[in-house]
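*Asks:* Listed below, chain by chain, are the residues.
There are 6 protein chains.
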Amino acid sequence: MRVDFSGDRVLAIVAHPDDAELLCAGTLARAKADGAAIAVCVLCKGEKGQPARPIRNLAAVRRKEMAAAVRLLGAKLFRCEFGDGELADIPIQRKKVIEVVRQFRPTLVLAHSPDDYHADHRAAAALAEAASWFCSSAGHKTRSPVLETQPALWWMDCVNMSGFEPGFFADISDYVELKREMLRCHASQLQRFVANDMSSLEEMMLRQCRVRGAQAGVAAAEAFRSHLAWKRTRAW
Amino acid sequence: MRVDFSGDRVLAIVAHPDDAELLCAGTLARAKADGAAIAVCVLCKGEKGQPARPIRNLAAVRRKEMAAAVRLLGAKLFRCEFGDGELADIPIQRKKVIEVVRQFRPTLVLAHSPDDYHADHRAAAALAEAASWFCSSAGHKTRSPVLETQPALWWMDCVNMSGFEPGFFADISDYVELKREMLRCHASQLQRFVANDMSSLEEMMLRQCRVRGAQAGVAAAEAFRSHLAWKRTRAW
Amino acid sequence: MRVDFSGDRVLAIVAHPDDAELLCAGTLARAKADGAAIAVCVLCKGEKGQPARPIRNLAAVRRKEMAAAVRLLGAKLFRCEFGDGELADIPIQRKKVIEVVRQFRPTLVLAHSPDDYHADHRAAAALAEAASWFCSSAGHKTRSPVLETQPALWWMDCVNMSGFEPGFFADISDYVELKREMLRCHASQLQRFVANDMSSLEEMMLRQCRVRGAQAGVAAAEAFRSHLAWKRTRAW
Amino acid sequence: MRVDFSGDRVLAIVAHPDDAELLCAGTLARAKADGAAIAVCVLCKGEKGQPARPIRNLAAVRRKEMAAAVRLLGAKLFRCEFGDGELADIPIQRKKVIEVVRQFRPTLVLAHSPDDYHADHRAAAALAEAASWFCSSAGHKTRSPVLETQPALWWMDCVNMSGFEPGFFADISDYVELKREMLRCHASQLQRFVANDMSSLEEMMLRQCRVRGAQAGVAAAEAFRSHLAWKRTRAW
Amino acid sequence: MRVDFSGDRVLAIVAHPDDAELLCAGTLARAKADGAAIAVCVLCKGEKGQPARPIRNLAAVRRKEMAAAVRLLGAKLFRCEFGDGELADIPIQRKKVIEVVRQFRPTLVLAHSPDDYHADHRAAAALAEAASWFCSSAGHKTRSPVLETQPALWWMDCVNMSGFEPGFFADISDYVELKREMLRCHASQLQRFVANDMSSLEEMMLRQCRVRGAQAGVAAAEAFRSHLAWKRTRAW
Amino acid sequence: MRVDFSGDRVLAIVAHPDDAELLCAGTLARAKADGAAIAVCVLCKGEKGQPARPIRNLAAVRRKEMAAAVRLLGAKLFRCEFGDGELADIPIQRKKVIEVVRQFRPTLVLAHSPDDYHADHRAAAALAEAASWFCSSAGHKTRSPVLETQPALWWMDCVNMSGFEPGFFADISDYVELKREMLRCHASQLQRFVANDMSSLEEMMLRQCRVRGAQAGVAAAEAFRSHLAWKRTRAW
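Residue numbers (my numbering), protein chains in the order written: chain B, 1 to 236; chain E, 237 to 472; chain W, 473 to 708; chain Z, 709 to 944; chain U, 945 to 1180; chain S, 1181 to 1416.
Simulated from the structure, these hints should not be mistaken for laboratory data.
Be a bit skeptical, because a hint or two may be false.
Quick list of in silico lysine-lysine cross-link-like pairs, DSSO-like style, CA-CA up to 30 Å [as the list claims (entries may be wrong)]:
no. : chain 1 : residue 1 : chain 2 : residue 2
1   : S       : K1275     : Z       : K803
2   : B       : K96       : W       : K567
3   : S       : K1228     : S       : K1275
4   : B       : K32       : B       : K64
5   : B       : K141      : W       : K568
6   : W       : K520      : B       : K96
7   : U       : K1085     : B       : K64
Using the sequences and the hints, build the whole thing.
*Replies:* Put into structure tokens, the structure is as follows:
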């Protein structure tokens, strides 16, 4: 079996500038190869993700890093520029994300799992869910026109696979190298992980897509689960 | 998104002669349209499914009914001829199903949910799971050669959708009429439902695929869940 | 077995003017027939539920629609007049709902499922849960007197039965026609569904209560689950 | 809310002679008070439940004990006389239990939880479920006539409430004393618990129905969960 | 098996002044006996927990009560002085709790279950989780220095054990008397329970630790579950 | 926190000769270092685990391999010599395992997860659970004396971590090398994996304990879950 994304428009809504690299960039690349339009919406500036030796104007640095990474992927980039640690499904943020959804007009949204380890990721899940619902409600006005129908919604895996039960897996065997290159664009974060004496971010990403692959009979995979709510799951 | 079954070999292993009609015939038809090879393995004779006015030699009658239905579908038919109410994952039954799996060499097996309402369906789930695992173990000998790898395994929906949490949905909007025609081949069972004053089998089937469709944004769907065990889930 | 609501006071707290029709009106009607006092508290004005051809002063239109529907049911109506898409368990809203609970003094509250598809429904779930807890806390002052004990709390089904595991079912076979008539009071919404080319709201409601009925051996049913928390579940 | 059992026929199918006392005797008593017919089917002889000083002919002793206890309850008693530790959903046992179900013709069956701590209890769950399904299948012949429809099925709580998520609670505040008296009929088992230096069986029973009561706002309760499968859940 | 807390620093973050007594004081005492440093952070003033005859300046009274109780335990006490019923994971509250975490530098945080019965407890769960995550993020500044790593996080049992599935149990058989003495310090609350005609708070606490003990083969226990998220679970 | 196994007697009951290496050998080694007595009970001969070039008398070869591996671990070895693919919780097998449990007298049993990917592993789970329950029932006679109390029971992780939700993790950072050496004793199986062109068994084992370590803040870990049933969970 193979999922074909041709004709789709896939929008990943992630909390921080390097989250797509870890959790869904391979699937976005595959969708693009199938002929889909793809985009990444980064909600936070990433300005609090400081390595041991603080970087001045980190937000600007990370803006460049994410632009470079998303360019490698060939996706459109949306930035919401919310503050790190300040994400919440409150009116002002919800409205901004609705506008992004209406600009890109996705058929599929990829969002953080509501059970993720990071409070910002969980808030991003709530925002992505709400925005991709209200995008098609005429009563919620933003600059762009209302969508006719809500996009499908997939929850993404959690970091280190802790506490996430996959519903299905996308084969990304051909895109591991791309994910690695994208991750290397985030120099500020690679330093940070080294400084904290954790396994490197890159190693963690590689291990995760290989374990998900081993669980699903391929060299590398990303895991997802459909949001099983009315109008948010699309048969295939 | 659309799942493409081209190149696949899909084997539905069901307990009784009319179970495929209700739970997976649409998906089999879609797979065939994609170019997949398809087959149905019926485990029981159906000889205890008597309508109010008992039918003589019911097993033979049902053999004809299922042959007619599966012919409409264009699938290969395997019959294990176990007794109704006697299914169990015991060596003699497991061996017979292993041989069926080895003859058809599926890449994907569709099986009843382990939580189904019917004891035979749950036993069929256990048999299908075990047979589609041991089919690739050289130590378990049957007439046909050992498979190189285990097929993927999807659990099918339950009747009336009670107690089944879908992982994903197959769009079968184009195959509802086929399902209806297949079901009509099972004249012995249609009588039975009328006699018992239940909603008719046909109505139940139509309602189920329409509700599953409504839950997944299409006219009609069948629901499944991947068996999330090592070597039984295949990334797509 | 039959649940008897005599002596009860049942309050449904719903997000939008037509939500009770879909998810709990049959159970309210049954409770009333048993001798219970019943009420519906509608949290939002419904002012953003615009059909294709926008209706001027939609909030006022929907106020009339819901009044008519609740009159058919014979229930007391409370309106909180919050904005659509603006529901949240924040102090000002929580306080208003506490006051409603204290005015009606329910023994049982029916609330949206915390896992519902709609952000407003999930917020309504949180508000209903909190308000029906704090209603009996002397420290939380509103105009009406504090209740002696918290009412029981049941979570209602989700639309199209997506993602809701029932704990039990109420037989509403005698009240399907009433639900249909109540729904027809919401003319503004019936238009909306047609315009969006979805299955009609009425058809969806009928299908849902019939499937729930089929799952529970009756002609029509509504599904619920007890809130399994201290002081929120009542033995029967 | 109050569940009314009038018109019902309630059959508890338990593994050992004293299991009903612990898990469902209060609910049976309540059903009887409502006008229901009640019965207990004990599957095993209890011959292996030896206290420290072995009792000769323990099976006969326990036969008397259970007869006395069930007499207090005012229920009909069925005994299957299977060996302790030998319960399994195999044809010979299933057939015997089907016959019991057909003799009593229940509208509701109470069975051990499939996740119970004791292998015999789990086997009893499987037997009760299968027998109360096949009782209405004309193809499965036993001495008594086939039932027209399957009874509803409730899973009972587990001992010490470990690992059981209640779906609902029956108020048994008026029947705690009866449960205590019934338990005292099982003198052979009361000794056994003392000998093993565990908290006494009586204390354990009392504590369990009081905690379940505290969780559900009454003095004492028994907890259950509906078997959420087609034709096994009955709306009320 | 025995868990050894020597070298640990255990911080319980609870909503109200008497919550630790009920849910985790025994485990704190055991950790202290092992050589761990222990602390309790009480988020709310408890000023709305009025008994029938209101107590003037209840917040001050409860401040003394909790100081006395925590003194018996031999723990350090932190008070956040938020209002009862006003807890929320909002920036101002989150920041205050981060500062507490940074002052105590725990290796293990005990927090209310996210599924607790009380809205304040659920908000406390969210606050505890977020604060014990962001405590080690350099970008989130408070007075005290950033922690090098996040502490492990355990969710505590719910009151009356409703709706909580334990992951493991701490043996507190030696500390039941201490819990009772601590609880008796909360005179304002003991009155309140009597007034409401509920089972007394003390009885409830004793019953809960004894049932948890019975479920885990000891005289008394407290139940917990690890937060299964990245960096929040620590192998032992 | 650290779990101390001193005074314990830990018995791992596994299906095949190399299963302990993958799932629990590190924890056994840690227990032994704490002063616990440890043992491994291998249920099957492993005679069907043939590599591409079949090995004559494979059962004898694997007997030597497992003896060598268990010698490295310093554990006592029990062999039940059941046939591969023939495990079932049937009287003859259950009795044999009860006798093993009674000989070793464990305080803790480690068993395969009931949801494991392999039918033999699931049958081993059922056997281990039943045997470690009935070991203390005087009515179930085997050669060795009855145990006074049932041991605690932990379910082990699944291969490749598919479908297993950990309850807690044991830190085995010091025992990875031992696990590797033990695995290398199983030369017949290492060949087999290479032949099937799967990732090597060793690589799979290393990856699994490192990912479990990463999820739990240590270099390497093994994951478990308590069997949450009466008398099978022990507080620590």
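*Asks:* Now look at each hint and say whether the structure bears it out.
*Replies:* How the hints compare with the structure:
Among the hinted pairs, S:K1275 with Z:K803 is consistent with the structure: their alpha-carbon atoms are about 26 Å apart, no more than 30 Å. Restraint check: the Cα-Cα separation between B:K96 and W:K567 comes to about 29 Å, which is no more than 30 Å; the hinted pair holds. About 24 Å separates the Cα atoms of S:K1228 and S:K1275, which keeps this hinted pair within 30 Å; it holds. For the proposed pair B:K32 and B:K64, the alpha carbon gap of about 23 Å is at most 30 Å, so the pair holds.
With a C-alpha separation of about 27 Å, the suggested pairing of B:K141 with W:K568 holds against the 30 Å cut-off. Between W:K520 and B:K96 the alpha-carbon distance is near 18 Å, which keeps this suggested pair within the 30 Å criterion. A distance of roughly 25 Å separates the Cα atoms of U:K1085 and B:K64; the hinted pair therefore holds under the 30 Å criterion.
Hint violations for this structure: none, all hints satisfied.
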